[in-house]
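Chemist: Here are the chains, one letter per residue:
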Amino acid sequence: VKGFGRIDVEVTAGPIADAVIRRVVAASAAQSRLPIDRINDAVLAADALLGALATSFVSVTLVPLDEGIEVSIGPTSDREAQQILDEMHPGGPGAVVRGLSERVWLGGDPDGRHCITFRVGRDDTN
Amino acid sequence: MDGQPTVDLTLPARPESLTVVRQALSGVAEVEGWPPSFLADAKIAISEACSNVVVHAYPEDTEGRLHVAMTPAGRQLCVIVRDYGSGIEPRLVDRRAGLGLGLPLIAALAAEVSFRRAETGGTEVRMVLDIPTEEAL
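Residue numbers (this note's numbering), protein chains in the order written: chain W, 300 to 425; chain L, 199 to 335.
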């Protein structure tokens, strides 16, 4: 996990998750000196992944970067995450996330929970 | 309202985190259909509790964490705001002190407020706010 500015959110899946995550992603991205169109990219990409997850709760980690943001969304299995990212038809979550972000990758934690992470904007911290 | 919170946030204890907390609350309000006046009151109460964490919970120049859990249940909203720092302690001289209106404001806006020192350190503020019906306004 990068940076102390990390924000962790857990929300019960459903309409509240959609409304809360959309707003939290936008508020966090706005603190990352991203232009408005890129803030919208982050919100749309998060929306696409939220709609594809089949879980009772949603776990989101946001890491603001100097001129960008990393968003991790889960939990999911490694297989389900890959299936989501493989949905490359127009409007499919894979196509939306890959089209709107600079980088997409799969991550996991020691408990075996997996997540999909994408970065919108630059990462100058490496 | 002791089960899993509907929304659980862990953020840096920095002023800019209050915007994120308020946005999360607005998201819940949008779905639950709360009256705007209640949302405004809830934002004030929660912002005051979060501000206490940002200003008082950690020594200056120390990074700390802020935890906020929100659970709407029927006509009530339960909110827990906690820190992992020194907690709320009486201070003879604190140049970061404000007007001292935060806790009375929370008490005025919430139906119930309680404070406790967490076993793992830090202070937990638990507040329950009554959500009025549109007819009651």
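Everything labelled a hint here was simulated from the structure, so no lab data went into it. Even for Gly, the Cβ is constructed at its ideal location relative to N, Cα and C. Just to be clear, a hint being listed does not mean it is correct.
Claimed, not checked - Taking beta-carbon pairs under 7 angstroms as the criterion, some of the chain L residues facing chain W (in silico):
| hint | residue |
| --- | --- |
| 1 | 206 |
| 2 | 209 |
| 3 | 217 |
| 4 | 221 |
| 5 | 233 |
| 6 | 303 |
Stated by the list, open to error - Just the calculated beta-carbon pair ranges, DEER-fashion:
| hint | chain 1 | residue 1 | chain 2 | residue 2 | range |
| --- | --- | --- | --- | --- | --- |
| 7 | L | 284 | W | 355 | 32 to 40 angstroms |
| 8 | W | 386 | L | 315 | 44 to 52 angstroms |
| 9 | W | 307 | L | 233 | 27 to 35 angstroms |
Chemist: Decide, hint by hint, whether the structure agrees.
Modeler: Consistency of the hints with the structure:
{"no.": "1", "hint": "206", "verdict": "holds (4 angstroms)"}
{"no.": "2", "hint": "209", "verdict": "holds (5 angstroms)"}
{"no.": "3", "hint": "217", "verdict": "holds (5 angstroms)"}
{"no.": "4", "hint": "221", "verdict": "holds (4 angstroms)"}
{"no.": "5", "hint": "233", "verdict": "violated (17 angstroms)"}
{"no.": "6", "hint": "303", "verdict": "violated (23 angstroms)"}
{"no.": "7", "hint": "L:284 x W:355: 32 to 40 angstroms", "verdict": "holds (36 angstroms)"}
{"no.": "8", "hint": "W:386 x L:315: 44 to 52 angstroms", "verdict": "holds (49 angstroms)"}
{"no.": "9", "hint": "W:307 x L:233: 27 to 35 angstroms", "verdict": "holds (30 angstroms)"}
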